[in-house]
Amino acid sequence: MILSLKNVSKSFGGVQAVNRCTFEVKKNTITSLIGPNGAGKTTVFNIISGLACPDSGTIKLESKNITGLAAHKIAKSGISRTFQLTKVFRNLSVRDNMLLAKRASDNEIKKTLKSVHFEKPLDTIASELSYGQQRLLEIARALLMPHELLMLDEPTAGVNPRVRHEMRTILRKLRKEGKTILLIEHDMEFVMGISNRIIVLNEGRVLREGKPKGVVKDKRVLEAYLGK
Amino acid sequence: MHDYLIAVFAYIFLYTIVVVSFNLSFGFTGLVNLGHMAFFGLGAYTSALLTLHGTPWYAALLASGLAAGIFGAVIAAVTVRLKEDYFQIVTLGLAFIAIAVSRNWVSLTRGALGLPGIPDIIRNNLYYMLFLFAVALASVIILYWLTNSETGKIFQAIRDDETAAAILGKNTYAYKVLSITISTFFAGIAGSLFAHYINFIDPTIFDLEFFVIILAMLIVGGLASVSGSILGVILVSILLSAISFAFANISPQLIGAMRQMLLMLVLLLVLVYRPRGILGKVDV
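Protein chains in written order, with the working numbering: chain U, 42 to 269; chain C, 1213 to 1496.
It is worth saying that the hints were derived from the structure and are not from the lab. Note that the structure is a prediction, hence the values are computed from the model and not measured. Fair warning: there could be bad hints in the mix.
Cut-off 35 Å, straight-line C-alpha distance, at most; resulting in silico cross-link-like pairs (DSBU-like, lysine-lysine) [to be verified]:
1. C/1493 <-> U/152
2. U/258 <-> U/152
3. U/101 <-> C/1493
4. C/1493 <-> U/105
5. U/217 <-> U/252
6. U/151 <-> U/68
7. U/117 <-> C/1493
8. C/1493 <-> U/217
Next up, chain C with everything else stripped away, as it sits in the complex (with noise of 0.2 Å):
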């Protein structure tokens, strides 16, 4: 197969997870949590540091779901309560605290210079692919289950009208604490994978182009919909490839700049014609 599309496969994979679990507290349970990419830079740092010191990837990997998680119901338990704007307001902060904190921690991020050198998982690129494509249908077949069981209907019901759960003898809180907790546990996972496919990271792991691409794949796709952010995530990558494609002898920072442009357009385009993106079944 060739390496190309073994790259874009593997990414199309890394992406389902992250936007089916950022769709899980986005979209099903109605938080926006702008800081989602800061819990895939925590794994993929969580994993990129214990490997370098000798821990097999297995542990290595779990720690970073462990590690995301918790982070995420630390940061969830103290911000759940507050309305929506201040909710996104201080999640969209955390990713910028993450920047800094990788930038400026030296002793243990190396800074800018980032981690190189983080060890494969899998040697052949192939072999990996089809082990991100086995992780991403775990994480979507779990992630489906959790929507459609009780707890999943429960976050549903409380994006829909917070009070109504509370009277129906829901604890809202403890369950927006648990949706948060689960999507960021699942965005670790992702970042782990993530590291030790390009074998090295840095700050820019926390960047918001980043962030760019999977609210734009989750926007595409449909909120509250697992279908639909892998299809936002297929169309996105496909529209990705082709911008570089079609632009590829011009110098890779315009492209890069392009893609941001492009991107924006469809988000703007979607959120016009079709707020509920192609299979949503909410309005953004």
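For reference, chain U alone in the conformation it holds in the complex (with noise of 0.2 Å):
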């Protein structure tokens, strides 16, 4: 086990955004989490990389309480991730927005950017790419990122179907490097055909977890996504 979570909660003003949450992700494993909108997914996402602070709970990185800790304390613990809406360093080039997550050759992040199928320049730009380049090299660089456990949030939102359609590719070959990966995704065909396990919240609640072949004709999961 990798990540464990442990009766999380966390509400903002009077809306609970995530309700006693408990679940685990296993090392070198594709693990989705899934839900409807408003299912608390990113706001569990960003409760695990510090950048919200749970209001109980314990989460543990492997044995390491990581609870309530700043987001850059987590981050050098071992957790990478990406956001739903893409973080590049805008008026950055590529290459320096790879060397701020590691330092690293030219030949390394060249490497590292090949790998998610990124071929500009080191020397462009970020602001000057397109959308779904962003989104690649945001990936990039958390890949580049020493890390443990990596979390995408929503890696193919936004993106047009050439780079969605990479972005599988990608997360193929990552699964078979034996990485472990804990993914947001709306896209339910694409999360069937990368997950080793699936997590279903639903206001802020684990409402299903298991085999992807499981989850999918579960009745309570249904419901949440397309009502009674």
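Two chains, two frames, some hints: make the complex.
Below you can see the structure in the form of structure tokens.
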């Protein structure tokens, strides 16, 4: 087990965004976190990565308690992530974006960028890239940063079908390489094709977890997505 | 060399230190410290008071930088967590507090009477101008090197997206405090050099009029560019001299007001038609 959440809760004002959420992520697997809009998926991501502090509960990375630690300390503990809305450093070059993740040679940077099918020159300023290219750059940056767990928040959101297809290939390759990935994704077909395990969140709680085929047939999951 | 030209160059070198250091926090780190000139004034007062009490100029110069830097670090430590607008309001408030303290702490600053007789570092104006050039050059080299170093890239990453910098393991709070500390250190050094150049300081050193000149130089030259800052200083200095020459026959008070109006006009035109300034790398 690489990551475990136990009874994690978080509310914003009167809204209970995450409610006694408990789940685990196994090593060398792709675990997908799915659920309808407002289910609390991104809040869970933010809590794990230290961008939000939980009201209660415990989060452990391997055996280390990382609950409530600052984001930069959690990152150094071994969690790397991307965001639903891409967060590249717009005024910096591709090279500088990558170097901020890790001191690396041009060769290592190029190799990592190539692994996500990114082919622009290293001196390109990030704001000059298309949205899809920025997404790939953000994923490459997250991959370059030393990590035990990679968290991807809707990597296919807002990208064209070609990049979406590339993203699927990339994730399959990463799974083969034995990476541990926690993924938020709305595209069910995409999730079904690449996940070892699926966790369904609804109203901040874990509604169901298990293997993709079992989860997708669950009546409660269908109700949460489509309504009764 | 003509005395007027020596003065123009001396001011260009002084402004260069102030503007490049202001660019470090504003342009490179995204921290709009509207109280930057308060640290310039603090450096001037520190150096003036120390040398008037017998401290050697070099020790006073260093103490001015350290006093401004340490005070900057303390202010930054409690303000950089504020959101952008609030940070600007608090730092602007700092400028007004500096004016109030310098006017009212009469036993230390002599209030509105100011501090006369601040000793020269070098008596000959030409040699002092060359000394200012050397300090300005050293400051530019240090800040240029810093902005291109790993630390400088982290400053720029924080400016572009602080959250993304944090999830890459960067302690953004510490880096923001560091940026303000270095920036205010150089402002303090410039303040000290200024005090020893004009041999007299009073609370008008904290006036916003001075800050508007610095801001215009920074915006015209462009944010996040050291060479842009130098160019901005040169162009605005030329403009200020041209105004003084063009309106030499009218009263000095009117020239002051006219300078302010023209600087604001220049700022407006740059912001509307060229938000990156001449050599800037990010929009204002």
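Next on the checklist: Run through the hints listed earlier and report the numbers of any the structure violates, in increasing order.
Outcome noted: 2, 3, 4, 8
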